[in-house]
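Construct the complete structure from the given sequences, taking the supplied hints into account.
Protein sequences, first through last, are from chains A and B. Residue 1 is where the first sequence starts when you use full-length UniProt numbering, and the numbers rise one by one after that. Residue 1 is where the second sequence starts when you use full-length UniProt numbering, and the numbers rise one by one after that.
Source of the hints: derived by calculation from the structure; they are not laboratory data. Yeah, the Cβ is synthetic: ideal placement off N, Cα and C, and Gly gets one too. Keep in mind that the hints are not guaranteed to be accurate.
[Claimed, not checked] Far from chain B by the CB rule (all over 10 angstroms, computed), these chain A residues:
no.	residue
1	E38
2	S122
3	S134
[Claimed, not checked] FRET-style restraints, in silico, Cβ to Cβ:
no.	chain 1	residue 1	chain 2	residue 2	range
4	A	V29	B	T324	51 to 61 angstroms
5	B	S46	A	E108	19 to 29 angstroms
6	B	E400	A	R148	49 to 59 angstroms
7	B	Q401	A	D32	49 to 59 angstroms
8	B	K102	A	P55	36 to 46 angstroms
9	A	E108	B	L290	34 to 44 angstroms
10	A	G23	B	A342	47 to 57 angstroms
[Stated by the list, open to error] Pairs of lysine to any residue, SDA-like flavour, derived with a Cα cap of 25 angstroms:
no.	chain 1	residue 1	chain 2	residue 2
11	A	K161	A	R145
12	A	K62	A	K161
13	B	K75	A	P95
14	B	K298	A	K161
15	A	K118	B	M270
16	A	K118	B	L289
17	B	K75	A	Q114
18	A	K62	B	A322
19	A	K59	B	L261
20	A	K7	B	L289
21	B	K347	B	S323
22	A	K7	A	P69
23	A	K14	B	F36
24	A	K62	B	K259
25	B	K398	B	K298
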Amino acid sequence: MASSASKRLFKEYKGLSSDAPEGITAGPVTEDDMFLWEALIQGPEGTPFEGGVFPAELKFPKDYPLAPPSMRFLVDVWHPNVYPNGQVCISILHPPGDDPNHYEQASERWSPIQSVEKILISVMSMLAEPNDESPANVEAAKMWREKRADYEKVVRDNVRKSLGL
Amino acid sequence: MDSSFELPDSTDWHATSLPLFEPLEAALRCEVCKEFYDNPVITSCSHTFCSICIRRCISTDGKCPTCRAACQSDKLLPNYAMREIVSKFQDARPKALELARKDKEVSDASSESKKRKLGDTDIEEEPARQTRSRQARTQSRRREGTNGMPIEVPDSEDDGDDSFEPEVEGHVKCPACKESMLDAQLWHHLDVCPGLENSAVGRSTRSSANNTYPKSLQSRPKEPSPAPTRLPGLNYAMMKQNALTKKLQDLGIPTWGKKDLLIRRHTEWMHLWNSNCDAVENRKSKRELLRELEVWEKTQGGSANIAEPKVMRKDFDGQAHASTHKSQFDGLIANAKRKREAAKAKKEEETNEDREKEEARLNEGIPQITEPEAIPQPVDVVHPYEGNEAALASVREKVEQANRVGTTLPSTTSPKPTLEETRIASQAYQGMPNPFGSPTRKVPMFALPADPIVDVEQSTTIQ
Numbered sequence: 001m002a003s004s005a006s007k008r009l010f011k012e013y014k015g016l017s018s019d020a021p022e023g024i025t026a027g028p029v030t031e032d033d034m035f036l037w038e039a040l041i042q043g044p045e046g047t048p049f050e051g052g053v054f055p056a057e058l059k060f061p062k063d064y065p066l067a068p069p070s071m072r073f074l075v076d077v078w079h080p081n082v083y084p085n086g087q088v089c090i091s092i093l094h095p096p097g098d099d100p101n102h103y104e105q106a107s108e109r110w111s112p113i114q115s116v117e118k119i120l121i122s123v124m125s126m127l128a129e130p131n132d133e134s135p136a137n138v139e140a141a142k143m144w145r146e147k148r149a150d151y152e153k154v155v156r157d158n159v160r161k162s163l164g165l
Numbered sequence: 001m002d003s004s005f006e007l008p009d010s011t012d013w014h015a016t017s018l019p020l021f022e023p024l025e026a027a028l029r030c031e032v033c034k035e036f037y038d039n040p041v042i043t044s045c046s047h048t049f050c051s052i053c054i055r056r057c058i059s060t061d062g063k064c065p066t067c068r069a070a071c072q073s074d075k076l077l078p079n080y081a082m083r084e085i086v087s088k089f090q091d092a093r094p095k096a097l098e099l100a101r102k103d104k105e106v107s108d109a110s111s112e113s114k115k116r117k118l119g120d121t122d123i124e125e126e127p128a129r130q131t132r133s134r135q136a137r138t139q140s141r142r143r144e145g146t147n148g149m150p151i152e153v154p155d156s157e158d159d160g161d162d163s164f165e166p167e168v169e170g171h172v173k174c175p176a177c178k179e180s181m182l183d184a185q186l187w188h189h190l191d192v193c194p195g196l197e198n199s200a201v202g203r204s205t206r207s208s209a210n211n212t213y214p215k216s217l218q219s220r221p222k223e224p225s226p227a228p229t230r231l232p233g234l235n236y237a238m239m240k241q242n243a244l245t246k247k248l249q250d251l252g253i254p255t256w257g258k259k260d261l262l263i264r265r266h267t268e269w270m271h272l273w274n275s276n277c278d279a280v281e282n283r284k285s286k287r288e289l290l291r292e293l294e295v296w297e298k299t300q301g302g303s304a305n306i307a308e309p310k311v312m313r314k315d316f317d318g319q320a321h322a323s324t325h326k327s328q329f330d331g332l333i334a335n336a337k338r339k340r341e342a343a344k345a346k347k348e349e350e351t352n353e354d355r356e357k358e359e360a361r362l363n364e365g366i367p368q369i370t371e372p373e374a375i376p377q378p379v380d381v382v383h384p385y386e387g388n389e390a391a392l393a394s395v396r397e398k399v400e401q402a403n404r405v406g407t408t409l410p411s412t413t414s415p416k417p418t419l420e421e422t423r424i425a426s427q428a429y430q431g432m433p434n435p436f437g438s439p440t441r442k443v444p445m446f447a448l449p450a451d452p453i454v455d456v457e458q459s460t461t462i463q
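Dropping the structure here:
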């Protein structure tokens, strides 16, 4: 018998496969396990990420949607809000109970009415507009703040590398 | 999991001629579970959720998922209008969806036929509305009954009263057949009154249905078995494990596990129970609730993805486990045996090969000739890695072959075909060091990866 979490995930999967927002594809790796998804995010246009396609994995907790999933990029993403290991750090992925960073507004945080689609859209806009207030990757944040040209070059190189060019 | 492939969803309307029904249906679904509202309740901030969903949300962070205002589960109120709309929509949905799908198929072109079909669906909904009002009336009556007095007995007494009610002023009852009528009529009636038995036949359904004893017995099973009193929350921090175990035992739910699990189980049970109290009709029995708790236990509770504790539990039936998984165990054992035999065969082969190698060295000096050749050649080769990869592939092939041969045939016959093959393969690579030039297989196979790498380094240092 399927749990309520896997039912809801299946519904989201169905919704995403029937009409996904532009530049986003997501679905479970296998349909036997609804709790591990893979997503592909297109680099937003007009940013150094443009032209890149970034695979990421989403892990859902058993009590989803009460608790948020975690998200990790599977390629190198040089970005102030992405840890060197690929873990994405944005407010929508943080449960409302505890605020480890003490700067996020509760309204930006996870709530059961959020969805995979909203997460991926947030990540896309995060790529375009980094939040350097509490960076996950300090080096990248410094570079973004002080040497924007270098930052963009690293990002472009990463994009090219990920595309195998 | 297969059943989930048929989960109806608001996106079903996308491919129909009524795409605007998608947002309509989405509005009738709970934002937490994405299902149709089940026992919808309204929060103090006026947002609606399934009773069970909002209870679970509140117990995790005490806030409304939509607006994040503080919420309390004892302030939740049932949203009857939403319940009504959802249930009627669900009744109408399959037919409407079917029509809208057909409509889309038939006419992607002509808008006129679409209009006509739309008209059809309107008519289709008409009878539903009629039944609705009737059902609503019966529901509201039942609701009054349950809200006022949760016990069925006074209700049946009410029914008894009903039959007396026609006793309006100026009316009297016939002493024989108990039918009430006007004073003046009674005298006339008495002359023709057929008596009690006949009257029972005449008004059969009413009297037997309303007044007789079996009716109340019949209606009793419909009465929800759990009394609609909500469970109070517990102050878990103040309770010792024993007290909590006792509490769970009193509630009739499983008591195994650590305190943390007991707390989570009690919380879930409280959600299931209390949301069931929000149900007006079709209230679930305790057995159903226990089954739901079991599902929770399997997916999120104590037995979720932990296999070992189950095996370690005292009531674990080892015999049954062994018998149900016998085929798997047998497979594993067979596998292990096969591996061991293969390893043994390989060992024997190796010793044979060693002997062969020595013989080969005595007979001809091939290894000595090929090796000097190998050093200058890589300089000529433009892509040493390409050659290397191909060589590695052929090595893998040989290994497989060797294993196959080793298990099926005695080793002495095997070297001949492999020798030929390797020669052909080495010719195809053109100028590559012939790794299998020697009559033995074993030495070149393991020596190979080292040689080209050394060569590459040499070539790069030369350049």
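Practice prompt. Compare the structure with the hints numbered earlier in the document and write down the numbers of the violated ones, lowest to highest.
Written response: Result: hints 4, 7, 12, 14, 15, 16, 18, 21 and 25 break, sorted rising.
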